[in-house]
Amino acid sequence: MDDEYAKLIRRMNPPRVVIDNNACKDATVIQVDSVNKHGILLEVVQVLTDLNLVIRKAYISSDGGWFMDVFNVVDQDGNKIRDEGVINYIQKTLENDDFFISPLRGESVGVKPSEEHTSIELAGTDRPGLLSEVCAVLTDLHCNVVNAEVWTHNSRAAAVAHVTDDSTGYAINDPKRLSTIKELLCNVLKGNNDLKTAKMMLSPPGATHRERRLHQIMLADRDYERAEYGRVGDLSLRPHVTVMDCIEKDYTVITMTSKDRPKLLFDTVCTLTDMQYVVFHGVVHTGRMEAFQEYYIRHIDGFPISSEAERERVVQCLEAAIERRASEGLELELCTEDRVGLLSDITKIFRENSLCIKRAEISTKGGKAIDTFYVTDVTGNAVDPKTIDSICQHIGQPILRVKPSPKPPQEETAMSFLFGNLFKARTFQNFKLIRSYS
Numbered sequence: 001m002d003d004e005y006a007k008l009i010r011r012m013n014p015p016r017v018v019i020d021n022n023a024c025k026d027a028t029v030i031q032v033d034s035v036n037k038h039g040i041l042l043e044v045v046q047v048l049t050d051l052n053l054v055i056r057k058a059y060i061s062s063d064g065g066w067f068m069d070v071f072n073v074v075d076q077d078g079n080k081i082r083d084e085g086v087i088n089y090i091q092k093t094l095e096n097d098d099f100f101i102s103p104l105r106g107e108s109v110g111v112k113p114s115e116e117h118t119s120i121e122l123a124g125t126d127r128p129g130l131l132s133e134v135c136a137v138l139t140d141l142h143c144n145v146v147n148a149e150v151w152t153h154n155s156r157a158a159a160v161a162h163v164t165d166d167s168t169g170y171a172i173n174d175p176k177r178l179s180t181i182k183e184l185l186c187n188v189l190k191g192n193n194d195l196k197t198a199k200m201m202l203s204p205p206g207a208t209h210r211e212r213r214l215h216q217i218m219l220a221d222r223d224y225e226r227a228e229y230g231r232v233g234d235l236s237l238r239p240h241v242t243v244m245d246c247i248e249k250d251y252t253v254i255t256m257t258s259k260d261r262p263k264l265l266f267d268t269v270c271t272l273t274d275m276q277y278v279v280f281h282g283v284v285h286t287g288r289m290e291a292f293q294e295y296y297i298r299h300i301d302g303f304p305i306s307s308e309a310e311r312e313r314v315v316q317c318l319e320a321a322i323e324r325r326a327s328e329g330l331e332l333e334l335c336t337e338d339r340v341g342l343l344s345d346i347t348k349i350f351r352e353n354s355l356c357i358k359r360a361e362i363s364t365k366g367g368k369a370i371d372t373f374y375v376t377d378v379t380g381n382a383v384d385p386k387t388i389d390s391i392c393q394h395i396g397q398p399i400l401r402v403k404p405s406p407k408p409p410q411e412e413t414a415m416s417f418l419f420g421n422l423f424k425a426r427t428f429q430n431f432k433l434i435r436s437y438s
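First residue of the sequence shown: 1, per full-length UniProt numbering; consecutive thereafter.
No wet-lab data here; the hints were simulated from the structure.
PhoX-like cross-link-like pairs, simulated, lysine-lysine; straight-line CA separation at most 20 Å:
#, residue 1, residue 2
1, K80, K25
2, K57, K263
3, K37, K92
4, K80, K263
Cβ pair distances, simulated, as ranges:
#, residue 1, residue 2, range
5, D26, Q91, 15 to 23 Å
6, T168, G65, 48 to 56 Å
7, E308, D174, 49 to 57 Å
Positions of the beta carbon are idealized from the N, C-alpha and C atoms, including for glycine.
Produce the entire structure from the sequences given, and follow the hints as far as they go.
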């Protein structure tokens, strides 16, 4: 009954999207107004992120049963959005009543058949050569990897891959063959001393956003739990998350500062949503060097964070969400004609040259393989340039290349922090206005 009532309210108050290229001199402004529901912020951010748009600023307010959000976005080259096709897609998608987020699924490893491909989800202990071993098993089982994404964090690894039968080019539907794939991949993931044994099961029907699914897998795998030896690397580049009580209103206030990067907002909002928290107000500001995020949240049951244990878990999970996609290592780009076993061959060469794959994005378009790998040596340090030169010569210089590192940005002032503090006063003013009309 409640669900039907919510649908009626939404039909009476359809979402409205306004896209303005004149309101800001250096960004396209996208304003979204809609009836509020849990997860709507993630829906909007997910659409923008999937279009490879960069969100420079965001203002969020969702009190009084109504969701109001404003995004300042640019394309990957830092320009305003001028493509009418992209603008129309954003408008139609976000104003569509049928637009929704797939429900949370808790399994950490599974295989889901479909008509075009078979979706394989993996989770296990990270180690040098793991992706190479997985790819070798798939090749031996006559599976071709069409696209995939691999993340590693805090000694854990997760992947979502779409594979096809190498003889037919379609999904694998034979139950016995699927069972064999799961059994052999599980053996690879366990290794010799994996204390966390991942469960393997057939995923239920229905699509889930791939990157959101990776967050869910790693969250369920508890990758946010730190080993005793602690973290390595430059401490100044690590995210900083604070959780505080809001005395004036019954909120929990979360602030996050971190190095800016693409899809950062999606990663943090995705984690908050899947941890069953609702963002009532928020501000996001990105600069040349750092990003600042501030959210006023409650649990989905309407209560703020009440215990120190829950507070610590939120801090750990948000830090992990920011770190999972961090561009650790040297970025290598592979572009060549696709063929069965290509990924297995490439990752084998990496393994034989003592390279560790920290993150990978695998795709095929128009018969071409377009892959990106982030690699380090086995100790997690930078790879010897001579080793990279040797690998590039072996595979082929036009086929595999090192992507140039971006120029280091100039140091930014603390404007993001001041901006966040100014937003607090505005947030509560908006809150009072919304409440007075609700």
